[in-house]
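Number of protein chains: 2
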Amino acid sequence: MGQNDTLGEFEHLVSVAIMRLRNNAYGMMIRTEIHKRADRDVSIGAVYTTLERLEQKGLVSSRVGEPTPERGGRAKRYYKLTASGVKTLKASRGALTRMWKGLRIAEA
Amino acid sequence: MGQNDTLGEFEHLVSVAIMRLRNNAYGMMIRTEIHKRADRDVSIGAVYTTLERLEQKGLVSSRVGEPTPERGGRAKRYYKLTASGVKTLKASRGALTRMWKGLRIAEA
DNA sequence: GTATTTACTCTACAATGTCGAAAATATTTA
DNA sequence: TAAATATTTTCGACATTGTAGAGTAAATAC
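Quick mapping for you: the protein sequence lines, in order, are chains L and X. Reminder that position 62 of the first sequence reads as 62 in our numbering, one-by-one numbering, no gaps. Reminder that position 106 of the second sequence reads as 1106 in our numbering, one-by-one numbering, no gaps.
Note that these hints are calculated values from the structure, not bench results. It should be emphasised that the depicted structure is a prediction, and the values quoted were computed from it without experimental measurement. We treat Cβ as the ideally placed atom computed from N, Cα and C, and that holds for glycine. Check each hint, because a few of them may be wrong.
Claimed, not checked - Covered stretches of chain L, as calculated for chain X (at least 3 residues, CB under 8 Å):
| hint | segment |
| --- | --- |
| 1 | 13-26 |
| 2 | 36-50 |
| 3 | 86-93 |
| 4 | 96-103 |
To be verified - Here are the simulated distance ranges between beta carbons:
| hint | chain 1 | residue 1 | chain 2 | residue 2 | range |
| --- | --- | --- | --- | --- | --- |
| 5 | L | 32 | X | 1091 | 14 to 22 Å |
| 6 | L | 36 | X | 1036 | 29 to 37 Å |
| 7 | X | 1066 | L | 91 | 36 to 44 Å |
Start from the sequences and build out the full structure, keeping to the hints where you can.
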């Protein structure tokens, strides 16, 4: 049930953030990107939980990077969308786009 | 917690459908609109549950209409977005738009 | 008053959203 | 080199949202 093809609202934001960040998409950065762009301030835990679930669904993959020596800190885990992830993200966006198409938002 | 300001993915679709349908936004129609536009086939129960929750949050309001005599059938309950609902919908769309802005989607 | 049609309500459970605290692991410093 | 500090990830728990299916209501037709 609910295997593939649609993303939740936050999953959508996380997925887009990963695309934007290219080869610098790791937890903390993803959170920052969402904060800056979508003006949405979520906890880092929320981000990781979602990342983990997306990975379980095969929509993103990850690898642990070398620990960049910039004043301590644990090694980063980098994420990227899989082919399936890109496809699903496109589908989600497409549904929204078609839904909004031609509608000029006015009043209640 | 999570009072206002963001819509879930399906709540978003339902809200847009209500706007599109103007003065003809009742359960069955909303479902059809989502099916046609977003190519999403959900049960009527799913639609009503969401409608009810949006109403509880003050994002939509409803009223029961006169039973149009078109070969039987119960009276319809019409929905519309409240001012707060419009605002929230705009915010949700805005977040997505800003998130996507400038990103050309390519490959994984 | 029974069948038929159209539409809504209820109940239950699965999936997604979200937080806060804890654990890892690296560098600096006393 | 042990302790302090910084950066990032992992865990556990619970709230909200997504979704289906069966049941109920109410109106017209026969």
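Here is what the structure says about each hint:
| no. | hint | in the structure |
| --- | --- | --- |
| 1 | 13-26 | holds (count 5) |
| 2 | 36-50 | holds (count 4) |
| 3 | 86-93 | holds (count 5) |
| 4 | 96-103 | holds (count 6) |
| 5 | L:32 / X:1091: 14 to 22 Å | holds, 20 Å |
| 6 | L:36 / X:1036: 29 to 37 Å | holds, 36 Å |
| 7 | X:1066 / L:91: 36 to 44 Å | holds, 40 Å |
In summary, the structure agrees with every hint in the numbered list given earlier.
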